[in-house]
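Enquirer: Read top to bottom, the protein sequences are chains A and B.
Take 1 as the starting number for the first sequence in my numbering and just add one per residue.
Take 1 as the starting number for the second sequence in my numbering and just add one per residue.
No lab work stands behind these hints: they were computed from the structure.
If you're wondering where the values come from, they're calculated on a predicted model, not measured in any experiment.
Virtual Cβ for every residue (Gly too), placed ideally from N, Cα, C.
Hints are supplied without guarantee of correctness; some may be wrong.
Pairwise CB distance ranges, derived in the manner of DEER restraints [unchecked claim]:
id, chain 1, residue 1, chain 2, residue 2, range
1, A, Lys109, B, Pro8, 45 to 55 Å
2, B, Arg22, A, Lys67, 37 to 47 Å
3, B, Lys78, A, Asn55, 21 to 31 Å
4, B, Gln41, A, Ser26, 15 to 25 Å
5, A, Lys70, B, Glu85, 26 to 36 Å
6, A, Pro10, B, Thr113, 32 to 42 Å
7, B, Met15, A, Asp78, 46 to 56 Å
8, A, Ser12, B, Asn52, 44 to 54 Å
9, B, Glu59, A, Ala29, 33 to 43 Å
10, B, Gly97, A, Ala29, 12 to 22 Å
11, A, Ser40, B, Lys78, 26 to 36 Å
12, B, Gly97, A, Lys56, 13 to 23 Å
13, A, Tyr39, B, Lys78, 43 to 53 Å
14, B, Thr113, A, Ser53, 18 to 28 Å
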Amino acid sequence: QKEVEQDPGPLSVPEGAIVSLNCTYSNSAFQYFMWYRQYSRKGPELLMYTYSSGNKEDGRFTAQVDKSSKYISLFIRDSQPSDSATYLCAMSGLSGTYKYIFGTGTRLKVLA
Amino acid sequence: EPEVTQTPSHQVTQMGQEVILRCVPISNHLYFYWYRQILGQKVEFLVSFYNNEISEKSEIFDDQFSVERPDGSNFTLKIRSTKLEDSAMYFCASSEGQGGNYGYTFGSGTRLTVV
Numbered sequence: 001q002k003e004v005e006q007d008p009g010p011l012s013v014p015e016g017a018i019v020s021l022n023c024t025y026s027n028s029a030f031q032y033f034m035w036y037r038q039y040s041r042k043g044p045e046l047l048m049y050t051y052s053s054g055n056k057e058d059g060r061f062t063a064q065v066d067k068s069s070k071y072i073s074l075f076i077r078d079s080q081p082s083d084s085a086t087y088l089c090a091m092s093g094l095s096g097t098y099k100y101i102f103g104t105g106t107r108l109k110v111l112a
Numbered sequence: 001e002p003e004v005t006q007t008p009s010h011q012v013t014q015m016g017q018e019v020i021l022r023c024v025p026i027s028n029h030l031y032f033y034w035y036r037q038i039l040g041q042k043v044e045f046l047v048s049f050y051n052n053e054i055s056e057k058s059e060i061f062d063d064q065f066s067v068e069r070p071d072g073s074n075f076t077l078k079i080r081s082t083k084l085e086d087s088a089m090y091f092c093a094s095s096e097g098q099g100g101n102y103g104y105t106f107g108s109g110t111r112l113t114v115v
């Protein structure tokens, strides 16, 4: 089983839709969960991070962590064409290491 | 907004040649990283650097790789003898602290093509 799994997409939605992006992971020891957005030919840009379980909201974005199911989600409300990008989940917090483990990314296209 | 700057944006090199990828991290950040992304694959950790020494490295980061902070602003990744499989996007990142509650700021990357 892969350490972090993410549906690669592509995911196409109409403008204004609610988007749900998800990652599953195998190691229950992860403590920090991040979502990055990556535009074409650019570096990843941090959107949100969450510590342990729970929800976190920032504007149109909501991050959810369910540690019991080893499942994290990013919801985008009122999606815009400018949200079209690849969304990467990343995790860290394993004992003895600070490195991030990334998912493969989900490509999102929001159609005007 | 402060940013991490990487140069060059694209480098083409012949197999066996040495390359140096350059990065200018955010000035008040203390931790520096290199990650890479082979086309179609996930972003992978290479190395982290703090207080002028490597703090952690992955199994990818073998003797062919080295990092250096030659002055107060630059952070470099050297690949001594490039192989075809080193072709990838290389991302530099920096952070104020270490741990998941300190999000990395990534640069735009250097696309390395080994021919």
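Enquirer: State the violated hints by number, sorted upward, taking the hints as numbered earlier in the document.
Expert: Violated hints (numbers, rising): 1, 3, 6, 9, 13, 14; every other hint is consistent with the structure.
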